[in-house]
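Undergrad: Listed below are the residues making up each chain.
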Amino acid sequence: EPEVTQTPSHQVTQMGQEVILRCVPISNHLYFYWYRQILGQKVEFLVSFYNNEISEKSEIFDDQFSVERPDGSNFTLKIRSTKLEDSAMYFCASILAGPPAGELFFGEGSRLTVL
Amino acid sequence: AQSVTQLGSHVSVSEGALVLLRCNYSSSVPPYLFWYVQYPNQGLQLLLKYTTGATLVKGINGFEAEFKKSETSFHLTKPSAHMSDAAEYFCAVTQAAGNKLTFGGGTRVLVKP
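Protein sequence lines, in the order shown, are assigned to chains A and B. Our numbering applies: residue 1 is where the first sequence begins, and numbers increase by one. Our numbering applies: residue 1 is where the second sequence begins, and numbers increase by one.
Bear in mind the hints are in silico, worked out from the structure with no lab data behind them. Just so you know, these numbers come straight off a predicted model, no measurement behind them. Careful, some of the hints might be misleading.
[As the list claims (entries may be wrong)] With a straight-line cut-off of 16 angstroms between C-alpha atoms, the simulated EDC-like cross-links for lysine to aspartate or glutamate are:
no., chain 1, residue 1, chain 2, residue 2
1, A, Lys42, B, Glu88
2, A, Lys42, A, Glu53
3, A, Lys83, A, Glu1
4, A, Lys78, A, Asp63
5, B, Lys49, B, Glu64
6, B, Lys112, B, Glu15
7, A, Lys57, A, Glu44
8, B, Lys49, A, Asp63
9, B, Lys58, A, Glu103
[What the hints assert, rightly or not] A few chain A positions that, by computed beta-carbon distances, are all more than 12 angstroms from chain B:
no., residue
10, Val43
11, Leu46
12, Asn52
13, Lys57
14, Asp62
15, Glu68
16, Lys78
17, Ser81
18, Glu85
19, Leu104
20, Arg111
No residue lacks a Cβ here, since even glycine has one placed at the ideal position from N, Cα and C.
The task is simple: from the sequences and hints, build the whole structure.
TA: This is the structure we're talking about:
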């Protein structure tokens, strides 16, 4: 069964360091997303990406965050200068087609710990 | 705007008993509604979804949910809990204009033998 894969599964970094989280969406999917879940809190939308550009972003997704699809298969989330409050589980997701709602496939997440 | 409220952050049920997880939503347009399950140290797996048509939706692992527009609810049920149902369950909503999901706060289910 096709799946969304994410690396690393866990990353520990120092405050102020840059972090890149990687995702390989399902190969024929067209829409890509990043969500995050701070420990004990709800899953929050960060950004959606379609046709090589951001289609929507939340207020959480500030200038410290960026996304890229560098090679047609990977989908990356970069945090330029990490803060303690960036510690969370980050989920990548993809979907074949856009509206109306189809099934969003989630990866297993990348846990980021900022010290 | 859209939002989701899940009543009860923790639910404890006995094995074999009914599982009932409550979800209420608000949406300015007809919603599409989802239930996801998250097992420990895993990602989110779709249990079931409502888009259009029949309001009683059946999903995987014996779960079902009913969309009630008048009550703005989408409660999740399973007639008989199994130990393997211990997990966290998230209700989510999206609107027809896009696929951005808004999640509820989650309900952690504990199944007692």
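Undergrad: Each hint: holds or not?
TA: Status of each hint after checking the structure:
{"no.": "1", "hint": "A/Lys42 / B/Glu88", "verdict": "holds (11 angstroms)"}
{"no.": "2", "hint": "A/Lys42 / A/Glu53", "verdict": "violated (26 angstroms)"}
{"no.": "3", "hint": "A/Lys83 / A/Glu1", "verdict": "violated (36 angstroms)"}
{"no.": "4", "hint": "A/Lys78 / A/Asp63", "verdict": "holds (10 angstroms)"}
{"no.": "5", "hint": "B/Lys49 / B/Glu64", "verdict": "holds (9 angstroms)"}
{"no.": "6", "hint": "B/Lys112 / B/Glu15", "verdict": "holds (6 angstroms)"}
{"no.": "7", "hint": "A/Lys57 / A/Glu44", "verdict": "holds (11 angstroms)"}
{"no.": "8", "hint": "B/Lys49 / A/Asp63", "verdict": "violated (34 angstroms)"}
{"no.": "9", "hint": "B/Lys58 / A/Glu103", "verdict": "holds (15 angstroms)"}
{"no.": "10", "hint": "Val43", "verdict": "violated (4 angstroms)"}
{"no.": "11", "hint": "Leu46", "verdict": "violated (10 angstroms)"}
{"no.": "12", "hint": "Asn52", "verdict": "holds (17 angstroms)"}
{"no.": "13", "hint": "Lys57", "verdict": "violated (10 angstroms)"}
{"no.": "14", "hint": "Asp62", "verdict": "holds (17 angstroms)"}
{"no.": "15", "hint": "Glu68", "verdict": "holds (20 angstroms)"}
{"no.": "16", "hint": "Lys78", "verdict": "holds (21 angstroms)"}
{"no.": "17", "hint": "Ser81", "verdict": "holds (26 angstroms)"}
{"no.": "18", "hint": "Glu85", "verdict": "holds (18 angstroms)"}
{"no.": "19", "hint": "Leu104", "verdict": "violated (6 angstroms)"}
{"no.": "20", "hint": "Arg111", "verdict": "violated (9 angstroms)"}
In the structure shown, a violation is registered for the earlier hints numbered 2, 3, 8, 10, 11, 13, 19, 20, in ascending order.
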